[in-house]
Each structure stands twice: as C-alpha cells, then as structure tokens.
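Novice: Listed below are the residues making up each chain.
2 protein chains.
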Amino acid sequence: MKIGIIGLGLMGGSFALAIKKEFKSRDEKIEIIGFDHNPQHCIEALELGIADKITDEISDMLNLDLIILAIPVGGIIKVVQELKNISPDTTIIDFGSTKEKIIKSIPPQIRKNFVAAHPMTGTENFGPKAADKKLYRGKVVVLCNTEENSKEHLDKAKGIFQDLGMKIFYMDAKNHDIHAAYISHMPHAVSFALANAVMSQQNPKDILAMAGGGFRSMSRTAKSSPNMWVDIFKQNKENLIDSVECFIKEMQTFNELTKNEDWEEMTKWILKANKLHEIL
Amino acid sequence: MKIGIIGLGLMGGSFALAIKKEFKSRDEKIEIIGFDHNPQHCIEALELGIADKITDEISDMLNLDLIILAIPVGGIIKVVQELKNISPDTTIIDFGSTKEKIIKSIPPQIRKNFVAAHPMTGTENFGPKAADKKLYRGKVVVLCNTEENSKEHLDKAKGIFQDLGMKIFYMDAKNHDIHAAYISHMPHAVSFALANAVMSQQNPKDILAMAGGGFRSMSRTAKSSPNMWVDIFKQNKENLIDSVECFIKEMQTFNELTKNEDWEEMTKWILKANKLHEIL
Numbered sequence: 001m002k003i004g005i006i007g008l009g010l011m012g013g014s015f016a017l018a019i020k021k022e023f024k025s026r027d028e029k030i031e032i033i034g035f036d037h038n039p040q041h042c043i044e045a046l047e048l049g050i051a052d053k054i055t056d057e058i059s060d061m062l063n064l065d066l067i068i069l070a071i072p073v074g075g076i077i078k079v080v081q082e083l084k085n086i087s088p089d090t091t092i093i094d095f096g097s098t099k100e101k102i103i104k105s106i107p108p109q110i111r112k113n114f115v116a117a118h119p120m121t122g123t124e125n126f127g128p129k130a131a132d133k134k135l136y137r138g139k140v141v142v143l144c145n146t147e148e149n150s151k152e153h154l155d156k157a158k159g160i161f162q163d164l165g166m167k168i169f170y171m172d173a174k175n176h177d178i179h180a181a182y183i184s185h186m187p188h189a190v191s192f193a194l195a196n197a198v199m200s201q202q203n204p205k206d207i208l209a210m211a212g213g214g215f216r217s218m219s220r221t222a223k224s225s226p227n228m229w230v231d232i233f234k235q236n237k238e239n240l241i242d243s244v245e246c247f248i249k250e251m252q253t254f255n256e257l258t259k260n261e262d263w264e265e266m267t268k269w270i271l272k273a274n275k276l277h278e279i280l
Numbered sequence: 281m282k283i284g285i286i287g288l289g290l291m292g293g294s295f296a297l298a299i300k301k302e303f304k305s306r307d308e309k310i311e312i313i314g315f316d317h318n319p320q321h322c323i324e325a326l327e328l329g330i331a332d333k334i335t336d337e338i339s340d341m342l343n344l345d346l347i348i349l350a351i352p353v354g355g356i357i358k359v360v361q362e363l364k365n366i367s368p369d370t371t372i373i374d375f376g377s378t379k380e381k382i383i384k385s386i387p388p389q390i391r392k393n394f395v396a397a398h399p400m401t402g403t404e405n406f407g408p409k410a411a412d413k414k415l416y417r418g419k420v421v422v423l424c425n426t427e428e429n430s431k432e433h434l435d436k437a438k439g440i441f442q443d444l445g446m447k448i449f450y451m452d453a454k455n456h457d458i459h460a461a462y463i464s465h466m467p468h469a470v471s472f473a474l475a476n477a478v479m480s481q482q483n484p485k486d487i488l489a490m491a492g493g494g495f496r497s498m499s500r501t502a503k504s505s506p507n508m509w510v511d512i513f514k515q516n517k518e519n520l521i522d523s524v525e526c527f528i529k530e531m532q533t534f535n536e537l538t539k540n541e542d543w544e545e546m547t548k549w550i551l552k553a554n555k556l557h558e559i560l
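Protein chains in written order, with our numbering: chain L, 1 to 280; chain X, 281 to 560.
Hints are computed from structural coordinates only; laboratory data are not their basis.
Source: prediction; values computed, not measured.
Each residue gets a CB set at the ideal place from its N, CA and C atoms; glycine is no exception.
One should not assume that every hint holds.
[Said to hold, decoys possible] Simulated crosslink set (EDC-like; lysine to aspartate or glutamate; CA at most 20 Å straight-line): (1) X/K529 - L/E256; (2) L/K249 - X/E536; (3) L/K84 - L/E57.
[As the list claims (entries may be wrong)] To be clear about the criterion: a stretch of chain X counts as covered by chain L if any three or more of its residues have a C-beta under 8 Å from a C-beta of chain L, and this derived list gives those stretches: (4) 412-423; (5) 540-554.
Use the sequences and the hints to build the structure in full.
Specialist: Spelled out as structure tokens, the structure:
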C-alpha cells in the first residue's frame with residue numbers, strides 16, 4: 001500500500017509508525033510519502049523512519065492508495081481543494097478535531113472518497129519527535145457522515161483503523177462537534193485557564209513547588225501548541241462558547257455554595273460529579 | 281517506635297505501610313496503634329497490616345512516641361482538644377490540607393509538640409484499601425510555623441518525613457493556605473465542575489464515549505470524596521473563593537477572545553499558559 005501523509009507531526013508521525021509496524025508484521029509492502037511545510041519536520045520524519053520519501057508537491061499524491069490529512073483543521077480545508085483530481089481509488093482520511101466545516105468544504109466529486117475521522121487521542125507534545133506507535137492503540141475514532149462515502153472507501157478506512165487497534169464510533173458531524181467541545185476543546189481551555197490563574201499570582205514558583213499529582217494531571221494539556229488549538233477553537237467557535245458558558249455556570253454555582261456555606265447542596269453537587277466515573 | 285494513627289484511610293494507611301517498611305529495612309521495632317470512627321476501616325487496617333492494634337480510646341495514645349492525625353481538617357480541630365494531656369515526649373503531626381485554622385486550634389500547652397504538615401500527595405481513591413506505600417516517596421511536604429515547635433519535636437517530624445523520602449518545604453500557615461487554594465483546592469473544584477458540565481448534558485454517555493487521555497486526566501480528581509472535600513472547602517473558604525474568582529476571570533477572558541475572534545491575543549494567552557511547564 002502506498003500512503004501519503006500530509007502533516008508529519010505527532011498525529012501523522014504516530015500513524016506512520018503504527019501502520020508500518022502492522023504491515024511489516026503481516027509481511028505486506030508499505031511505502032509512506034510525507035509532506036510537511038516545515039523542512040525540519042521533513043528531515044526528522046526521514047530520520048525517524050516515519051516517511052520513506054518526502055515530496056513538496058501535493059500533486060505527487062493523486063494516485064496513492066490512501067492520503068492521511070494530519071494537519072490543523074484550517075489546513076485540511078485548504079488542501080482538500082488541491083485533491084479534486086485524485087484517482088477514483090484513492091481514499092482520503094482526515095484527522096481534524098472538528099468535522100462540520102471540513103465536510104462542507106469537500107469538493108463534491110471526491111466526497112465519496114473522503115472519510116471524515118477524529119481519533120480521540122493525542123498528547124501535549126508535538127512534532128515528529130513526539131510520534132509514538134502506540135498513540136492510537138485501544139483508543140476511539142469517530143467517523144462522521146459515512147453514508148456519504150462509497151463502500152469501497154469506507155471499508156478501506158475501517159480496515160486501517162482496525163489495523164491501528166482502534167474502536168470505531170459513528171456520529172453525525174453536527175453532534176460530533178458539540179460533543180467534542182465538551183470532551184476535548186473546552187477542557188483544553190480549562191487547562192490553559194488553570195495555568196494562567198497560577199501564573200498571574202505574585203509567586204507562581206512558590207505555588208508550583210507544592211504541586212502534587214492532581215495539579216500535574218490537570219495542567220498537563222496546558223503545554224499544548226497554540227497553533228493547533230487556536231485553529232480548533234476557531235473552527236468550533238459556537239459550540240465552544242456554549243460549552244465554556246455551561247462550565248463557567250458550574251464554577252459560579254460552586255462559588256455561590258461556598259459563599260452561602262451551603263455544604264449540604266455542595267455535597268450533592270460533588271456526588272453528581274462523582275457519577276461521571278460510573279460511565280467513564 | 282510506637283505510633284498512633286488517627287484516621288486509617290488513604291493518607292494514614294499509606295503512611296503506616298511506608299514507615300513500617302522503612303523501619304523493618306533498618307531492623308528497628310515499630311508498632312502502629314490505629315483509631316478510626318468507621319469499624320470497617322479498623323477491620324481492613326488490621327487485615328492489610330496497616331495497624332498492629334486498634335483502639336477506640338484516644339486516651340490510649342497519650343504516651344506514644346508519635347501521633348499522626350490523618351483525618352479531615354474539622355476532625356483534627358476537634359481531636360486535638362483531647363490530646364492536651366499527652367506526654368511531653370509525644371510528637372503530633374497532622375496531615376490536614378489547610379493549616380491556619382488548625383494551628384489556631386492547638387491547645388497552648390502542646391503547641392511545641394504539634395508539627396503542622398501538609399503532604400502534597402493523594403489520589404482520588406479513599407479508605408484503607410486505597411493505601412499505597414509509595415504515596416509519599418519523592419513528594420513535597422510543607423511544614424508550617426515550625427518556629428513554634430521545640431527542636432526535639434521538629435527533628436523527630438523531619439526524620440519521619442525523610443524516612444518517607446519526602447522533600448520538606450517551610451512556609452507560614454497564611455501563605456500555605458493561599459497557595460494550597462491555587463494548587464489543590466480550586467483545581468479540585470474545577471474537576472468537579474468539568475464533570476458536572478458534561479453530566480448536565482442530554483447525552484453524557486455519547487460524550488464520554490469520546491473521552492481521550494486529556495479529559496481522563498482532568499476529570500480524575502472528580503472522583504474524590506465529598507466528605508473530605510466539603511471539609512477542606514469549609515476550612516479554606518476565603519482563599520478558595522478568591523482563587524475560584526481568579527480562575528473564572530481567565531475562563532471569561534477565553535470566551536471573550538473567542539467571541540471577538542481575537543486569535544492574536546488568544547495565542548498570547550495560550551503562550552502564557554505554556555510557560556507554566558518551564559517552572560513545573
């Protein structure tokens with residue numbers, strides 16, 4: 001299989017390492033052609049065995065078996081316009097964190113080839129050096145509006161995600177974007193805000209010297225890249241604003257209960273939060 | 281050494297397992313006398329080797345070498361009144377999460393015996409079964425207002441924390457409580473609020489099916505016990521309210537930037553948050 005990967009960072013790099021390992025274990029041929037705007041990423045991707053070849057022309061990818069778009073959402077929307085003339089057999093999968101705007105941007109003539117996917121995994125690190133062949137294993141991938149794909153392309157995409165050891169969920173793009181705001185985009189904003197609340201104090205070093213495991217877990221994602229996250233916030237603006245408002249209301253409820261010393265209601269509020277872990 | 285542990289949950293239980301291991305490795309004698317209001321905890325503590333003996337009378341502890349108070353802050357303030365008549369050689373260490381109110385409540389005649397400590401560690405689990413002998417290793421413990429301790433008692437406490445492999449920090453109680461609000465108490469409120477924001481949606485199960493590592497880390501502490509946390513929120517009310525207000529302001533800044541599509545300022549706001557990890 002010949003696979004083009006556009007974007008050789010954490011997501012694209014981890015995908016390459018995982019799929020190569022899987023194909024090699026089955027003694028099947030695989031070749032990865034990489035593309036990245038950042039020349040340093042291209043060099044590292046070759047060194048790390050993420051890509052077998054680098055191209056600086058998207059047009060070199062039009063006849064591959066599969067193209068993976070592992071770049072920010074805004075970039076996916078741009079690059080998909082250059083893929084209008086792909087072979088009818090080329091499957092495209094995007095890894096964007098929002099789905100509605102991406103799906104709307106797909107040229108109609110390649111709609112059936114384009115499988116819109118959101119792998120629910122990642123770390124706070126980025127670039128090819130952050131790539132990890134286990135990043136996808138056991139994780140969820142959400143496929144959106146798959147009724148608009150042809151069986152051939154959908155089956156190829158499903159096979160790839162099964163090769164990665166992922167659990168496949170189906171969802172329409174609108175619901176995906178609302179849910180993603182709650183489970184991923186708003187929590188990232190929360191982590192950035194938590195970091196900024198501490199950093200704006202007089203002695204952040206004294207405070208951080210006291211950090212235990214709880215604070216470390218909660219602020220881990222505050223390390224995430226602004227480039228990637230500003231793009232996601234932009235693409236899911238309306239759902240994000242709603243989810244942040246909902247979250248702020250919960251924080252205000254907490255502060256009101258504290259001010260009123262209403263410890264009975266506070267206990268109920270915490271017990272409700274505890275229930276999350278019956279589902280999660 | 282004879283040690284009394286009041287409170288045989290996660291903190292007291294983990295302390296017992298760690299200190300017993302350390303003493304046994306040095307071939308020194310150690311005996312742990314446990315006390316807990318919950319009879320089930322007493323049974324489990326004996327079964328798990330946390331306590332060698334159980335007592336239901338605090339007065340049985342007045343002549344021990346060391347008493348550990350590993351109960352909620354409100355409980356510490358009550359029980360310390362029953363320790364007025366301890367032997368001059370008995371050291372008391374409390375593990376409470378707030379320090380100012382506890383220190384104010386110590387009867388003057390035992391002030392020099394009472395070392396006010398806050399081990400910056402824990403998990404979202406509780407009870408003797410959650411005890412882990414590695415809970416304290418490598419973690420920070422903050423000792424407050426130690427100038428009010430006699431050298432004998434302070435040295436004994438320091439020796440114990442060194443035995444546990446902890447890093448000792450010194451701080452006055454007022455600053456400790458402000459810092460603890462930012463590094464621990466407010467972040468717990470944030471985790472509960474995050475869980476409640478999701479749980480209040482129409483389809484929490486659909487949302488949670490998409491949970492990746494980021495959401496799991498951030499909501500882990502939302503599993504924490506309401507009994508323990510309502511007590512901490514109560515004891516550190518004023519500092520907590522201030523820190524929650526500071527955090528809410530950061531979230532409101534985030535939502536304003538999103539609404540105004542001010543992505544340039546948003547990038548700066550995220551870059552400021554990223555700096556946390558240069559210190560942490």
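Novice: Could you run down the list of hints and mark each one as holding or not?
Specialist: Structure-based check of all given hints:
1. X/K529 - L/E256: Cα-Cα ~15 Å, so holds.
2. L/K249 - X/E536: Distance of about 15 Å is within 20 Å: holds.
3. L/K84 - L/E57: Since the Cα atoms of L/K84 and L/E57 sit roughly 14 Å apart, the hinted pair holds (cutoff 20 Å).
4. 412-423: holds (count 3)
5. 540-554: holds (count 10)
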